[in-house]
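> The listed protein sequences correspond, in order, to chains U and Y. Just so you know, we're using UniProt numbering here: the first sequence kicks off at 1 and counts up by one. Just so you know, we're using UniProt numbering here: the second sequence kicks off at 1 and counts up by one.
Since the hints were made in silico from the structure, they are not lab data. Keep in mind that the hints are not guaranteed to be accurate.
[As the list claims (entries may be wrong)] Simulated pairs of lysine-lysine, DSSO-like, Cα-Cα distance not exceeding 30 Å:
id, chain 1, residue 1, chain 2, residue 2
1, Y, 218, U, 266
2, Y, 219, U, 149
3, U, 67, Y, 114
4, Y, 156, U, 155
5, U, 266, Y, 67
6, U, 149, Y, 67
7, U, 244, Y, 219
8, Y, 218, U, 153
9, Y, 219, U, 274
10, Y, 67, U, 244
11, U, 121, U, 67
12, Y, 114, U, 209
13, U, 218, Y, 198
14, U, 153, Y, 156
Protein chains: 2
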Amino acid sequence: MSPIPNGRVIFNEAPVAYPDPRTTLVYDTSETIDLETSPLNGGILVKSLVFSIDPYLRGRLRSPETKSYNEAFALGQPIRNFSVAVVLRSENANVKVGEHVYGHFPLAEYHILKDLTGVRKIENKEGIAWSHYTGIAGMPGKTAYYGWKAYAKAKKGETIFVTTGAGPVGSMVIQLAKLDGLKVIASAGSSEKVQFMKDIGADVAFNYKTESTDEILKKHGPIDIYWDHVGGEVLDLALIHAAKFARFIEVGLITGYNSGGIQPVKNFGNVLSKSLTIQGLYVGNFEEQYGEAFYNDIPGRIARGEIKYLEYVKHGLQSAGQLLVDVLKGDNFGKAVIIVADK
Amino acid sequence: MSPIPNGRVIFNEAPVAYPDPRTTLVYDTSETIDLETSPLNGGILVKSLVFSIDPYLRGRLRSPETKSYNEAFALGQPIRNFSVAVVLRSENANVKVGEHVYGHFPLAEYHILKDLTGVRKIENKEGIAWSHYTGIAGMPGKTAYYGWKAYAKAKKGETIFVTTGAGPVGSMVIQLAKLDGLKVIASAGSSEKVQFMKDIGADVAFNYKTESTDEILKKHGPIDIYWDHVGGEVLDLALIHAAKFARFIEVGLITGYNSGGIQPVKNFGNVLSKSLTIQGLYVGNFEEQYGEAFYNDIPGRIARGEIKYLEYVKHGLQSAGQLLVDVLKGDNFGKAVIIVADK
């Protein structure tokens with residue numbers, strides 16, 4: 001077999017505000033790979049099945065001079081994200097051809113992995129879609145599950161407000177909160193998302209583009225838990241409508257990602273007056289503590305239909321640039337994934 | 001015995017920025033009291049020995065239309081604060097003449113207490129100054145002690161940054177942190193305060209008016225615990241210089257009290273990127289949980305000289321108006337108290 005083109009998604013140009021769907025990320029087929037003879041040097045050759053596209057990627061699409069908590073992607077190189085791939089060849093005794101691996105991989109149709117640190121083999125005896133392992137059964141699902149276990153301190157009868165409640169993290173949070181007997185207020189940006197949030201159990205679901213978050217919280221609050229994906233004005237409203245001892249779980253500040261920075265928090269005084277707890281959540285902190293419980297619990301619940309979940313599926317790595325913009329603008333309905341190959 | 005004038009500190013006028021030492025609070029002697037015949041209606045008549053003057057009072061000196069977490073003081077009435085008083089007469093079977101009581105009392109030379117809810121009898125077998133029970137062995141000391149127990153999660157070798165480190169809360173925090181083996185960075189606003197912070201164990205003590213907090217934290221940080229009395233720009237710097245998993249204990253935002261409101265928090269993104277915990281501390285939440293431990297532990301330590309402590313003493317209720325301004329401007333050196341009578 002001779003070398004074939006290996007399509008990759010390259011970080012081409014740092015965006016100023018929203019990424020440009022044509023110039024920020026570009027699909028490139030100039031590199032080739034020989035699936036039979038490319039040297040593995042003790043590693044494995046995999047074929048990508050699915051990639052996740054997430055809002056946090058925006059923060060890494062910057063020039064390396066701009067310091068931040070995460071590493072900037074290298075210009076001219078493929079970006080990386082969560083993925084499931086199938087093993088085509090292996091020189092690693094622990095990994096066999098035909099097995100599936102989950103990890104943080106370069107957006108390429110094929111790639112060779114030498115260092116398997118952090119890579120997990122996925123058996124999928126539950127038989128759910130491979131794409132789910134990058135969403136509800138992957139990083140976003142874990143974010144909800146770990147954060148809920150570690151920080152929510154939920155008590156039956158309490159009220160939670162979940163932002164981006166139709167997204168992969170938010171929809172999981174809604175379902176975990178309902179399992180624990182909470183009243184759930186949830187927001188999203190379209191009527192179909194509102195309907196989905198109601199379908200999965202939200203007691204009060206609303207479209208923040210057409211209804212006033214302030215009015216909703218005034219009517220249905222105060223809130224004991226605030227699950228924050230957005231920051232900015234909504235965080236300030238949540239501070240006003242927080243109950244005493246409320247827990248704020250901070251997962252994202254998407255309002256600031258494309259507007260030159262995080263918006264200042266105006267109503268911080270409520271932290272003192274109401275004895276609030278604000279907790280930054282990073283999923284990676286809990287992998288060791290809760291990882292096994294998650295994989296033992298969640299894929300089975302998905303297979304049995306106990307946890308509901310939506311995907312926003314695009315096909316082919318060519319769609320990455322546009323899909324990232326969709327995700328950042330909230331135009332996706334469900335977890336954004338790119339299917340690269342079915343098997 | 002005939003009625004005598006009963007000096008009281010009246011809330012006369014709501015201030016716009018800093019209180020005016022002459023018009024915000026006024027000392028008033030127009031009311032009289034007969035110490036032998038004034039009816040008690042089942043209560044107790046007490047003579048005030050000492051009152052605490054604290055920055056938080058500023059928040060209650062407002063017109064009642066301005067909503068806040070605490071109740072506004074009533075215009076034309078005495079303000080209230082923590083006090084130790086001696087019992088002159090009693091119709092309550094649980095309280096005897098000559099006993100001492102601690103509570104949140106009206107700033108008056110004499111007053112009659114009917115409801116003893118929240119009032120604590122103080123035996124003081126340790127023989128420390130009564131004034132200490134409104135400071136290091138009172139609300140400020142408890143704020144430090146309770147907050148440390150509940151939220152610090154201190155580990156030996158970690159670094160803490162304490163603001164207003166020469167104050168009654170801050171100086172206790174410094175000493176608790178040193179007992180637990182932490183490295184202590186502490187700030188205050190004069191060279192004598194800096195010297196005092198060094199004397200009680202601070203590893204790095206600095207005058208924030210003459211040295212750059214940013215430079216100090218850059219050099220001696222990152223910080224694992226931030227004990228915040230000030231908010232504003234210093235809070236934003238602490239967010240920048242926080243270590244991963246740092247705990248922020250929020251006790252006061254004094255920067256905003258006299259400048260028309262709390263300053264917005266600019267660097268909130270660090271909460272996510274460093275998995276920070278921000279905790280609003282209100283001393284009253286822990287009275288039941290830690291109150292007995294505190295009174296069993298701290299007065300004895302003070303008597304034995306194990307915990308050091310400074311007071312800024314004024315005599316007579318006439319000094320209340322000016323003393324509050326001093327406290328808000330940080331012109332006091334030590335815990336501000338008003339001695340009304342020695343015994």
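> Take the hints in turn and mark each one as holding or not.
Each hint, compared with the structure:
{"no.": "1", "hint": "Y/218 with U/266", "verdict": "26 Å, holds"}
{"no.": "2", "hint": "Y/219 with U/149", "verdict": "37 Å, violated"}
{"no.": "3", "hint": "U/67 with Y/114", "verdict": "62 Å, violated"}
{"no.": "4", "hint": "Y/156 with U/155", "verdict": "33 Å, violated"}
{"no.": "5", "hint": "U/266 with Y/67", "verdict": "16 Å, holds"}
{"no.": "6", "hint": "U/149 with Y/67", "verdict": "35 Å, violated"}
{"no.": "7", "hint": "U/244 with Y/219", "verdict": "37 Å, violated"}
{"no.": "8", "hint": "Y/218 with U/153", "verdict": "35 Å, violated"}
{"no.": "9", "hint": "Y/219 with U/274", "verdict": "34 Å, violated"}
{"no.": "10", "hint": "Y/67 with U/244", "verdict": "16 Å, holds"}
{"no.": "11", "hint": "U/121 with U/67", "verdict": "33 Å, violated"}
{"no.": "12", "hint": "Y/114 with U/209", "verdict": "54 Å, violated"}
{"no.": "13", "hint": "U/218 with Y/198", "verdict": "49 Å, violated"}
{"no.": "14", "hint": "U/153 with Y/156", "verdict": "27 Å, holds"}
The structure fails hints 2, 3, 4, 6, 7, 8, 9, 11, 12 and 13 (numbered hints given earlier, in ascending order).
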